[in-house]
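K.L.:
Sequence:
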Amino acid sequence: MTTETELSLLSEVSYRDREITSPRLRGLLALLVGDLRRGRSTARLVEGLWPDEQPENPTKALQVLVSRARAQLGAEVIVSTSTGYRLSLSEDRVDASAVLLSASASARASRAGDHAAALADAEAGLALWEGPPGDDTGFGDPVGELRVERASTYRSLVRARALALSRLGRRAEAFEPLSDVARERPRDEEVLLELLRCEAETAGPSAALDRYEAYRRSLRDELGSDPGAELQAMHWRLLEGTAPVVRHGVAQEPNRLLGRDEDIAAVANLLRTSRVTSIVGPGGLGKTRLAHAVSRQAEQRIVYVVALAGVFTDDDVASEVAATLGVGDARRAAMGRLANTTDTLAGIVDTLGPGPVLLVLDNCEHVIRGVVELVGALVSMTQGVRVLTTSRAPLGLSSESVYRLPELNPTTTVELFGQRATAARPGVDLPAEVVEDLCRRLDGLPLAVELAAARVRVMSVAEIARALDDRFSLLRGGPRDAPERHHTLRAVVDWSWNLLEPGEQAAMRALSVFPSGFTAEAARYLLGDRDGDALEILENLVDQSLLKVSDSPSGTRIRMLETVREFSTAERDAAGETDRVVDGFLAWARDFGLTHHESPFGTDPASSAAVVPAERARKRNMVCTTVRNPGPNPTAPLLLRWIRDLAAGSRHRVSPVQRLAEWIRPWRAHDRRSRSLSPVVPPSGARSSSSRHAVPNVRGQYT
Numbered sequence: 010m011t012t013e014t015e016l017s018l019l020s021e022v023s024y025r026d027r028e029i030t031s032p033r034l035r036g037l038l039a040l041l042v043g044d045l046r047r048g049r050s051t052a053r054l055v056e057g058l059w060p061d062e063q064p065e066n067p068t069k070a071l072q073v074l075v076s077r078a079r080a081q082l083g084a085e086v087i088v089s090t091s092t093g094y095r096l097s098l099s100e101d102r103v104d105a106s107a108v109l110l111s112a113s114a115s116a117r118a119s120r121a122g123d124h125a126a127a128l129a130d131a132e133a134g135l136a137l138w139e140g141p142p143g144d145d146t147g148f149g150d151p152v153g154e155l156r157v158e159r160a161s162t163y164r165s166l167v168r169a170r171a172l173a174l175s176r177l178g179r180r181a182e183a184f185e186p187l188s189d190v191a192r193e194r195p196r197d198e199e200v201l202l203e204l205l206r207c208e209a210e211t212a213g214p215s216a217a218l219d220r221y222e223a224y225r226r227s228l229r230d231e232l233g234s235d236p237g238a239e240l241q242a243m244h245w246r247l248l249e250g251t252a253p254v255v256r257h258g259v260a261q262e263p264n265r266l267l268g269r270d271e272d273i274a275a276v277a278n279l280l281r282t283s284r285v286t287s288i289v290g291p292g293g294l295g296k297t298r299l300a301h302a303v304s305r306q307a308e309q310r311i312v313y314v315v316a317l318a319g320v321f322t323d324d325d326v327a328s329e330v331a332a333t334l335g336v337g338d339a340r341r342a343a344m345g346r347l348a349n350t351t352d353t354l355a356g357i358v359d360t361l362g363p364g365p366v367l368l369v370l371d372n373c374e375h376v377i378r379g380v381v382e383l384v385g386a387l388v389s390m391t392q393g394v395r396v397l398t399t400s401r402a403p404l405g406l407s408s409e410s411v412y413r414l415p416e417l418n419p420t421t422t423v424e425l426f427g428q429r430a431t432a433a434r435p436g437v438d439l440p441a442e443v444v445e446d447l448c449r450r451l452d453g454l455p456l457a458v459e460l461a462a463a464r465v466r467v468m469s470v471a472e473i474a475r476a477l478d479d480r481f482s483l484l485r486g487g488p489r490d491a492p493e494r495h496h497t498l499r500a501v502v503d504w505s506w507n508l509l510e511p512g513e514q515a516a517m518r519a520l521s522v523f524p525s526g527f528t529a530e531a532a533r534y535l536l537g538d539r540d541g542d543a544l545e546i547l548e549n550l551v552d553q554s555l556l557k558v559s560d561s562p563s564g565t566r567i568r569m570l571e572t573v574r575e576f577s578t579a580e581r582d583a584a585g586e587t588d589r590v591v592d593g594f595l596a597w598a599r600d601f602g603l604t605h606h607e608s609p610f611g612t613d614p615a616s617s618a619a620v621v622p623a624e625r626a627r628k629r630n631m632v633c634t635t636v637r638n639p640g641p642n643p644t645a646p647l648l649l650r651w652i653r654d655l656a657a658g659s660r661h662r663v664s665p666v667q668r669l670a671e672w673i674r675p676w677r678a679h680d681r682r683s684r685s686l687s688p689v690v691p692p693s694g695a696r697s698s699s700s701r702h703a704v705p706n707v708r709g710q711y712t
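With our numbering, letter number 592 in the sequence shown gets 601, and the count goes up by one each step, no holes.
If you are wondering where the hints come from, they were derived from the structure by calculation, not from laboratory data. Positions of the beta carbon are idealized from the N, C-alpha and C atoms, including for glycine. Everything hinted at is true.
Now the in silico label distances, taken between C-beta atoms and shown as ranges:
| # | residue 1 | residue 2 | range |
| --- | --- | --- | --- |
| 1 | Arg413 | Gly319 | 24 to 34 Å |
| 2 | Glu158 | Asp479 | 54 to 64 Å |
| 3 | Ala212 | Thr431 | 23 to 33 Å |
| 4 | Arg413 | Pro562 | 15 to 25 Å |
Could you put together the complete structure from these sequences and hints?
P.N.:
Structural data, given as structure tokens:
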């Protein structure tokens, strides 16, 4: 929920950031906010504004006060009603009302089990205060009375935030606010339940058991009753939990994990319903860190994390898992050695036991066949074992649920950049617009953001943004404690590239010519799909997280992250394929244009209403590519028409388009049809605020 309000009363009294100092005017606004929808009667306003001694003519005095308020705030802010006055502002524009909306939204989200939303709404509401409510008595002061009323809402939001933090698994963060709430509300068993969970995880089951026992005794002594059923069930779980919890290989956070609360909750839910869950996404997206975050709060008492990045063959996967679990040492004591793969698998199953156990296999993509074989066997041979994998491609097992980890959203990307840049150089200047523009170009990849932020040691943000044109030279030199493959952005992409078959690499080199995405049909055209293999290649590249699929009004579209596209383009240039690929792209553009240019004027204009605008970026790229080498060219007949389209879609002056038309002029001699296209170019200096005014109608010029 938004925290941008116009009228503030909770911490200061101001309207659109202008402080209101008049006590009577402040009181008038507070009284009107008390019943924002219906307003207040004249009698109620007079009573609230002059509680001790009313003026000689109270109605007239109120009218004068309202006139002053309208003069200061705007005539439309206070409107007259049949009985008095009311504010014209909506509830979300007044902080004292917006907090009630936030509290209600947080409660609804909590009841629905959406704890990330509950947390966001609670924090949005708390942000409307500049700090905890003060000591206003409220007696005789409408502003003070309003603040006293809303203080209870503040406390409810603090409670909602603390509960949501715990339910999202952020137990260390939740412990202190839950303790504060429990002191204020000692009989709130919902709070106590979450506090026991946090204490068990942060201080150990014994501390949580002591707290439970103290509560049980006080309840018995004061009320003669016992704790509720949920608390008693928690008590039994704590008693069982005095046995050691195994978290083998689970790393703690070096710093706060940003923007992944919903992802953690989603993966945790999949682990409850699926034997195998795979976190899938491109390199540098944070799959490993997310897996460790899920492992720290896993419901299973025993968790093993096995890193497979250093395993080089499929045959070594089971041996690496066995070594991490200590199977080799245990079996040697009994048998002297692990005789073969069967013994290795049997040892793993024996060590994992009946469960519940969570086995995390990290970085599976380069040994995926070995992982599939092992995980398939574990699923069939055990009952209480859950498997969580991280990979750039799914395993493809029937028992698997795939969670495709999304890129960070723009807000979180900017927050992460600011956090890491400030850590690298405290006090560094972070101009908001430049940072936002830079972060938009980093594909929402946490690794790319962190590598870019590290450059503030020696560069300004603007310099980093300019240098991002060569991102693979810029984004290198990550933290010393990061894996070697995460020290440069090139190494991250290169890891995925080397897992591709030669035909898949060739497809990536070719498809990188498309700016901002393409359709499967366009890809098949460019790849010369004579054998019908293009769709299979596309599916494999999607599985490898090198292509992303999305639905749009024009149909299904496929795109590369800009990082992957730049890498593929460089590989294409190095392979000497650029001329051939560009020729293929121009041929596709020509055929696309000839297919669709008449559609808007034909019997089925709807067929191109979404398709043609979706290809605007491809048109622009085709025009710019072609004009670099003027001469005989079969695409010339379409260029002026497409320039017309681009001009019509621009909000700027079209003089650059006019210049493109001049560059294309030499081609007219090479194609008879191009001579009829000259009217589509607007006069030099013409504006293109709408296609109707900027470009003459060209219906029928291609017939």
